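Residues per chain are reported as follows:
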Amino acid sequence: MTKDESVLIIGGGIAGFQAALDLAAAGVQVHMVEKSPSIGGRMAQLDKTFPTNDCSICILAPKMIETYGHKNINVRTYAEVQKVSGSIGDFQVEILQKARFVYEDKCTGCGACMEKCPKKVSSEYEMGLADRRAIYFPFAQAVPRVATIDKDACIHFKTGKCLLCVKECQAGAIDHKMEDEVITVNVGAIIVATGFDVYLPYEMEEYGYGRYENVVTAMEFERIINAAGPTHGHMQRLSEDKGRPKRLAFIQCVGARDVRHDRPYCSAVCCMHSTKEAMLAREHHSDTDSWIFYTDMRAFGKGFWEYIERGERDYGINYIRGKPGEIIEDPETKDLILYYTDRETREVRALEVEMVILATALIPRADAPEVAQILGIEMDEYNFFKAPNVMMSTDTTREGVYMAGYCQKPMDIPDAVAQGSATAARAMEAMAQNPKGGTSQKEVTA
Amino acid sequence: MRHDEEPRIGVFVCHCGSNIGGWLDVPAVAEYAGTLPYVVHSEDNLYTCAEDGLAAIRKAIKEQDLNRVIVASCTPRTHEPLFQATCEEAGLNRYLFEFVNIRDQCSWIHMSEWDAATEKAKELVRMGVAKATRLVPLDRSTAPVELVAMVLGGGITGMTAARAIANSGFEVYLVERRSVLGGLLNRLHKIWPTEESPRQLLDGLEADLEANERVHILTGTEMVDLKGFVGNFDVTLMPVEGNGDGLDLKVGTIIVATGADEMKPDGLYGYGEVEGVVTELELETMLREGNLPEIGNAVFIQCTGARGQRVTYCSRVCCMTGIKNAMELRELYPEASINVLYRDIMAYGISYEELYQRARVKGVGFIRHPKEEPPRVETGPDGKVRVTYRDVILGRDIVQDVDLVVLSTPLVQHEDAKELAQMLRVPLGQDRFFFEAHVKLRPIDFASDGIFLAGTAHGPKDIEESIVQALGAASRSLTFLKAGQVLSEPIVAVVDEDSCIGCGNCIEVCPYGAIELKEGGKRGQVAEVNPGLCKGCGTCPGACPSSSIQQLGFTDEQILAMITALANGGD
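Chain order of the listed sequences is A and B. Each residue of the first sequence is one higher than the one before, starting from 711 at the first, in this note's numbering. Each residue of the second sequence is one higher than the one before, starting from -11 at the first, in this note's numbering.
This is chain A alone, in the form it adopts within the complex (with noise of 0.2 Å):
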């Protein structure tokens, strides 16, 4: 009965895992699109995750693996959506393949290349807080295991030399030659995943990042803490002291609930990670101090109120309300010193702290525009996918084509996941009543 359906999904994060696996489950066939690398999307780079303060990447790899391993989905890295066709039910869909350089089949992972590549480049996934080379992992769980070539970092692309990587890899798997590809499929149905980027905010110079050195952002500060990040799961400054920072303050809706800068939107997850992070800097030094500055506490998800008690309880943050006008780095010790009025008690005071931690505003993929280009789908005015029926939050404005997950507006992983399967049942739906070739156009309204 099922063994005509396919499905493509554009995206191989937590949301596109769940709709793949409910999908092959089901006995469908999928075909999971990413653009980088490595599947794992940002849940690979949290640390822990909020309520309960899991190892992100610990429960995460076994979906990613469960995914890439699953008969019935074809996982496609390095990969994406150039062209589609054709309406609900019969999707013709071309898929750019870019060349890795690396043939799939024949590297073993060992990761020899990656010690002998001279070229070091910035890492996205340590949020440029490490290097890798040009020919790289993206991460150490990285699935697939298989080196990719940058080719704009690569030396051989622009000297035609070095080749130190083909020297070194006994499986014969590098190839700088290979090309590009363009394959096509055909599906019933299309869910886009696509996920978030995170707001850098270096235009808000009153909080001095990229300026100054021990301003950081959360998804930066969820690296430092890392075991596996790039200091070891040492907390450590960023300034050339690499000191242990003891007192810490986190600034919510940076760059969020933000009119002057168009961006009115609650980013809904801030207030969550921020005290999970405060927590955890607790877990790794029992001296170190935090302050959470913040203008509506909205911990609204299952166990997350209890949660916000717990990290004033037992982890001691100091919870303020209120927002920094200013922060002043003092240029000799590099520690930061914060400007605010405490809006429980209507005075002008200043904090002087070692490190800031921004909760910055989560956004929509810069490339949202040429996707939802491509797949023929609205946005709205912050460019998230447009719902057009706001009660069928998984429905895009084009028939057939489903999303799950930040592209569509903020939420949290248990709300994404969710999606993910939701996008799954949608596209069931279309392909059970829209069989291939066929003329029946049913539309489901709710």
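Calculated directly from the structure, the hints in this document are not laboratory data. Any given hint could be a false lead.
[Unchecked claim] As a list, the in silico EDC-like pairs of lysine to aspartate or glutamate whose alpha-carbon atoms are at most 16 Å apart:
1) B:Lys372 <-> B:Glu282
2) B:Lys50 <-> B:Glu77
3) A:Lys816 <-> A:Glu878
4) A:Lys1033 <-> A:Glu916
5) B:Lys506 <-> B:Asp484
6) A:Lys952 <-> A:Glu923
7) B:Lys523 <-> B:Asp437
8) B:Lys359 <-> A:Glu1016
9) B:Lys178 <-> B:Asp191
10) B:Lys178 <-> B:Glu277
11) B:Lys359 <-> A:Glu1019
12) A:Lys871 <-> A:Asp885
13) B:Lys428 <-> A:Asp764
14) A:Lys816 <-> B:Glu19
15) B:Lys108 <-> B:Glu19
16) B:Lys372 <-> B:Glu263
17) A:Lys745 <-> A:Glu891
18) A:Lys781 <-> B:Glu77
19) B:Lys359 <-> B:Asp379
20) B:Lys215 <-> B:Asp236
21) A:Lys781 <-> B:Glu76
22) B:Lys506 <-> B:Glu485
23) B:Lys359 <-> A:Glu1022
24) B:Lys359 <-> A:Glu1054
Since this is a predicted model, take the numbers as computed values, not measurements.
Given the coordinates of chain A, assemble chain B onto it according to the supplied hints.
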């Protein structure tokens, strides 16, 4: 079978980045493992669960002809299926794999004791090796799935789930206790952000359901008994009123979408004592029926009963309900003063933040008070309600006599949810809502296969979020219905009928109702375990006075071997 030959054990010790390797000597543990009896291969990996780690396992199975595999790493909770599947891919029965937990149960809890933690990890590995030598291959069997789903609860969540399943080609029974479908939505005036009547939403859905011959709507009906297991549930339904005939159904999967109630805040802020104090739903009823009194001023009190007052949690939707209704009063009474007293406004995401902004522009007042200083409500002069509240911006108490006080109370689980939970054999959380299999990654699954969870039965959420979960639960159901068969775990209890004395102790302790007495054995009756129902919890082997029950995968012999290995030390 290779396991019949002398054991050839491979041990893989994982650094888990620095989760293990940072707190104990992983290479030393791997080296030690290599010295243990029957261990022919041992190594340490940065991440055994990463692709190269799994490749190393497959390679060693083939090259070293391993017939047992041990991974010493994180926890079987998340990683056992992965390593089992890896063994299977390399041609080894998945039950010849043994997990040794040296992270959750060693490195993470002995972070400042490098030497002792290393010793303990060695001991745990030694015990694992002792057990592994006694492992036997087990087989998973397949059973057909009844191609029918049942949805409990006929609110917006249950209706949506039922429609998705039926649209995908399967029969579905929609069971609702009340005489009408629609649940809590029947009591709402308007829904946000469409500002339409909930009727529009419900009528469309109801028409779809009625038009679909695969949907069987059973209103005024409740489940009174449940037996069986995933793919093969036996359900007994009865009319809620009267003594009509019951209905026995066989269903493959069950979706729990039983919803929630609004808390009645008796004794809080004058509710039930002071005239003119109502809950949000009571206000919505008045709005719907058009019998509101003239209102010159009104106050909404958020977090009534929530966040530590009666329940611990934030109920997610009450800020929006309060703002929605404040806006509605604003429209109806443009001259009125409408104030919302709050602790934090939970206007998460995009559309709620927009609504919040819009309400402020329209002149709804938002006045915050600290948790420690809640407003006070009492009977005021001239039939008014006197509200006294702290204004933190002004830094003083405000006394206001108003026409209406609206209490935003949390959604709470139904009073009798425990009964249903027991019938389904699924847990309730501390907040009394149904408790999912994994908070992060399995939000709409129960730990029991084939039973799923959606909507406000899982916890407070809005209509759109409930619909997402409804579709999600439909998808989870379809994974079984479309597959048409289920694999059963062989880690179950088995009874030695020759020694069983038929005492029935095991039946009493079994939490899953998996054991029954049947005729047979030397004493006339013996226990029989239904492997489909047995979850392998291990309770009955412990309760059996004649040691007649063994749990496969955890037999007495295997456990004793582990204890002996521990007690005898390394020599």
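Hints, one by one, checked against the model:
1. B:Lys372 <-> B:Glu282: Distance of about 12 Å is within 16 Å: holds.
2. B:Lys50 <-> B:Glu77: Distance of about 11 Å is within 16 Å: holds.
3. A:Lys816 <-> A:Glu878: 14 Å, holds
4. A:Lys1033 <-> A:Glu916: With Cα atoms ~11 Å apart, lysine 1033 of chain A and glutamate 916 of chain A stay inside 16 Å; holds.
5. B:Lys506 <-> B:Asp484: 13 Å, holds
6. A:Lys952 <-> A:Glu923: Holds. Lysine 952 of chain A to glutamate 923 of chain A sits at ~11 Å (cutoff 16 Å).
7. B:Lys523 <-> B:Asp437: Holds. Lysine 523 of chain B to aspartate 437 of chain B sits at ~10 Å (cutoff 16 Å).
8. B:Lys359 <-> A:Glu1016: 15 Å, holds
9. B:Lys178 <-> B:Asp191: 14 Å, holds
10. B:Lys178 <-> B:Glu277: 12 Å, holds
11. B:Lys359 <-> A:Glu1019: 12 Å, holds
12. A:Lys871 <-> A:Asp885: Between lysine 871 of chain A and aspartate 885 of chain A the Cα gap is close to 14 Å, so the pair holds against 16 Å.
13. B:Lys428 <-> A:Asp764: 9 Å, holds
14. A:Lys816 <-> B:Glu19: 31 Å, violated
15. B:Lys108 <-> B:Glu19: With Cα atoms ~14 Å apart, lysine 108 of chain B and glutamate 19 of chain B stay inside 16 Å; holds.
16. B:Lys372 <-> B:Glu263: Holds, at roughly 8 Å.
17. A:Lys745 <-> A:Glu891: Status holds; Cα separation ~14 Å.
18. A:Lys781 <-> B:Glu77: Cα-Cα ~12 Å, so holds.
19. B:Lys359 <-> B:Asp379: Given that 16 Å is the threshold and the Cα spacing comes to 12 Å, the pair holds.
20. B:Lys215 <-> B:Asp236: 11 Å, holds
21. A:Lys781 <-> B:Glu76: Measuring from Cα to Cα gives roughly 14 Å; hence the hint holds.
22. B:Lys506 <-> B:Glu485: At roughly 10 Å apart (the allowed maximum being 16 Å), glutamate 485 of chain B and lysine 506 of chain B satisfy the hint.
23. B:Lys359 <-> A:Glu1022: Measuring from Cα to Cα gives roughly 14 Å; hence the hint holds.
24. B:Lys359 <-> A:Glu1054: 11 Å, holds
This entry does not satisfy hint 14, going by the numbered hints stated previously; all others are met.
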